[in-house]
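A.B. asks: One letter stands for each residue in the lines below.
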Amino acid sequence: MTTASAAEHRAAPAPRARRILAHAVLEARILLTNGEQLMVAILMPALVLLALRFVPVGRVEGLASIDTAVAATAATALISTSFTSQAIQTGFDRRGGVLRWIATTPLGRDGYLTGKILATLCVHVLQVVVLGVIALILGWRPHAVGLLEVVPIWLVGTIAFGALGLLVAGTLRTEAVLAVSNVLFVLFVAVGGVAIPSAAYPRMLGGLVDLLPSGALGELLRAVLADGHFPVGSLVVLVVWAVAASLAVARWFRWTSA
Amino acid sequence: MVGVMNDHSPALEAQGLTRSFGSVRALDGVEFCAHRGEVTALLGPNGAGKTTTIGCATGLLQPDAGTVRVLGEDPWRAGAELRARVGVMIQDGGLASGATALQLLRYGAELYADPLAVDEVAEHLGITEFGGTLVRRLSGGQRQRLALALAIVGRPELVFLDEPTAGMDPAIRRTVRDLIRALARTGTAVVLTTHLMDDVEGLADQVVVISGGRTVAAGTVDEVIAAHRAPDATLTLSARARGVDPSVAGVLAKDLRETAARHGADLEITTGGAADLESVLLDLIDERDAQEHAR
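Top to bottom, those sequences are chains G and S. Going by the numbering used here, the first sequence opens with residue 203, and the numbers climb by one from there. Going by the numbering used here, the second sequence opens with residue 3, and the numbers climb by one from there.
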């Protein structure tokens with residue numbers, strides 16, 4: 203092995219974009235080659251889609267069951283990848299000292315987080331393709347306007363749930379991260395306004411569900427994909443969650459498990 | 003490695019470094035200096051403050067008081083430019099467990115503008131043989147090698163190695179020691195921690211002994227021993243004569259005894275053993291490798 207001497211050669215970082223891209227590729231590769239992660243990202247939302255298409259649960263009067271099923275599936279997919287997968291992956295990275303080592307490299311902490319967000323979006327693209335094809339086979343016929351309206355909702359939702367995932371990963375012990383992220387995922391989907399709309403709950407309870415990030419996301423996706431209107435109030439709720447969770451991450455996230 | 007360097011200017015200077023965790027004071031005024039082109043070993047018992055010292059020097063921890071300068075800058079405020087000039091091998095690996103060894107090494111190299119050739123580093127440290135294995139399935143020694151490769155792949159000017167040879171077999175340990183010497187020869191400042199005293203004696207130009215969060219001794223190995231041995235202490239010198247022709251062994255032993263007697267020392271001579279255990283083990287491994295190649 204030959205190296206130039208340290209005095210002859212001043213080490214330098216790769217350009218920022220290349221560093222972030224390298225990290226995003228590594229993260230995406232790890233996510234997509236891990237069976238458990240794939241199950242959470244693809245299989246579980248696909249099961250939700252099939253269940254809601256054929257089982258009379260979570261339906262809204264006047265709306266096609268495939269449309270409400272697709273909206274619930276999209277919310278489930280977003281939560282599973284942005285929240286559950288990221289919380290578990292980051293929690294184990296933190297325990298294994300990965301975050302500590304990365305903080306000493308030219309990538310740094312901000313590069314790590316940016317790369318992680320890019321990797322998450324990459325998995326989202328795969329989810330959209332796979333779940334979209336299944337939905338089309340099941341009879342879904344999307345409208346162009348509704349699909350365009352999904353984009354900003356998807357971005358805000360990814361930030362909100364990604365930040366919540368990092369908050370869980372960066373403040374709890376790894377074992378607790380595993381339990382809390384899985385339990386919260388089930389609660390968000392089952393009773394948090396994703397599979398069953400808040401309108402199906404008693405009024406007081408429905409009001410609380412509307413204030414949850416999952417309730418706001420479910421309501422927004424159902425509205426633009428099935429109903430054709432845009433509930434601004436739900437978007438405000440989701441933005442507030444995104445900002446609050448991001449600030450909480452900046453304040454409380456710990457890079458070491460000590 | 004090419005280009006032997008004679009620049010021994012300070013790469014790291016720590017003064018009055020203090021750091022507490024809650025009510026526990028981990029560092030209580032640590033002072034030391036690590037120079038370019040030298041290997042500096044931080045020694046001390048578990049909990050002495052070595053890892054906290056490295057944490058402050060790598061920008062992972064902010065000292066409560068005191069200063070630490072790394073390549074002339076404050077590591078706590080380090081940007082990508084400074085971090086690119088410093089390589090770090092942390093004690094518990096810090097390796098993403100879902101990637102393969104070679105994927106991770108290539109990723110590490112991509113973070114630098116002009117890294118070492120990944121294939122050469124992998125070959126040199128024997129990583130190629132397990133390059134396709136997931137990190138979570140690697141043995142402790144294999145992880146150590148990968149962490150070391152990641153620490154040096156960016157051609158750092160200063161490298162921190164936390165117990166670099168722990169868990170390695172003798173052949174790899176020898177390779178790693180040679181690599182550390184080569185890094186220092188080419189002008190890199192190497193700061194390492196270890197509990198293996200033969201690593202220290204074989205590698206370190208300077209040792210810094212930390213205990214209870216304070217620097218209690220610093221200097222070369224000989225200086226530290228000379229300054230801190232008891233006044234009436236005696237030394238035991240051990241030497242090994244290799245390649246002795248059995249027909250002259252008796253004469254050599256007699257000459258050695260006479261020389262020792264002139265200096266007032268008792269000499270214990272053992273014969274029959276052709277080599278030390280480490281050498282025997284290496285010879286056996288080499289022999290097996292040669293047989294494998296011959297097949």
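Everything labelled a hint here was simulated from the structure, so no lab data went into it. Misleading hints may appear alongside valid ones.
[Stated by the list, open to error] Incomplete in silico selection of chain S near chain G, CB under 10 angstroms:
id : residue
1  : Gly-57
2  : Pro-77
3  : Arg-87
4  : Gln-93
5  : Gly-110
6  : Arg-138
7  : Leu-140
8  : Gly-142
9  : Ala-255
10 : Asp-257
11 : Leu-258
12 : Thr-261
13 : Ala-263
[Stated by the list, open to error] If we take Cβ atoms under 7 angstroms as the criterion, some of the chain G residues that face chain S in the derived model are:
id : residue
14 : Ala-213
15 : Ala-216
16 : Leu-234
17 : Asn-236
18 : Leu-240
19 : Arg-297
20 : Gly-299
21 : Thr-307
The beta-carbon is built from N, C-alpha and C at its ideal position, and this holds for glycine as well.
A.B. asks: All hints, please: hold or fail.
C.D. replies: Here's how the hints hold up against the structure:
1. Gly-57: Interface hint status for Gly-57/S: holds (8 angstroms vs cutoff 10 angstroms).
2. Pro-77: Pro-77/S check passes; min Cβ-Cβ to chain G is 9 angstroms, inside 10 angstroms.
3. Arg-87: holds, 5 angstroms
4. Gln-93: holds, 8 angstroms
5. Gly-110: Holds - the Cβ of Gly-110/S comes within 10 angstroms of chain G, reaching about 7 angstroms at its closest.
6. Arg-138: At about 9 angstroms, which falls below the 10 angstroms cut-off, the nearest Cβ of chain G leaves the hint on Arg-138/S intact, so it holds.
7. Leu-140: violated, 12 angstroms
8. Gly-142: violated, 13 angstroms
9. Ala-255: violated, 42 angstroms
10. Asp-257: Check failed: Cβ of Asp-257/S comes no nearer than 43 angstroms to chain G, outside 10 angstroms.
11. Leu-258: violated, 40 angstroms
12. Thr-261: Since chain G brings no Cβ nearer than about 42 angstroms to Thr-261/S, farther than 10 angstroms, the hint is violated.
13. Ala-263: Given a least distance of 48 angstroms, the restraint on Ala-263/S is violated.
14. Ala-213: Cβ of Ala-213/G sits 5 angstroms from chain S, so the hint holds.
15. Ala-216: Ala-216/G check passes; min Cβ-Cβ to chain S is 5 angstroms, inside 7 angstroms.
16. Leu-234: violated, 10 angstroms
17. Asn-236: holds, 6 angstroms
18. Leu-240: With a minimum Cβ separation of about 12 angstroms from chain S (threshold 7 angstroms), the hint on Leu-240/G is violated.
19. Arg-297: It is violated, given that the least Cβ distance between Arg-297/G and chain S is near 9 angstroms, above 7 angstroms.
20. Gly-299: Holds. Min distance 4 angstroms.
21. Thr-307: holds, 5 angstroms
Of the numbered hints stated above, those contradicted by the structure are hints 7, 8, 9, 10, 11, 12, 13, 16, 18 and 19, listed in ascending order.
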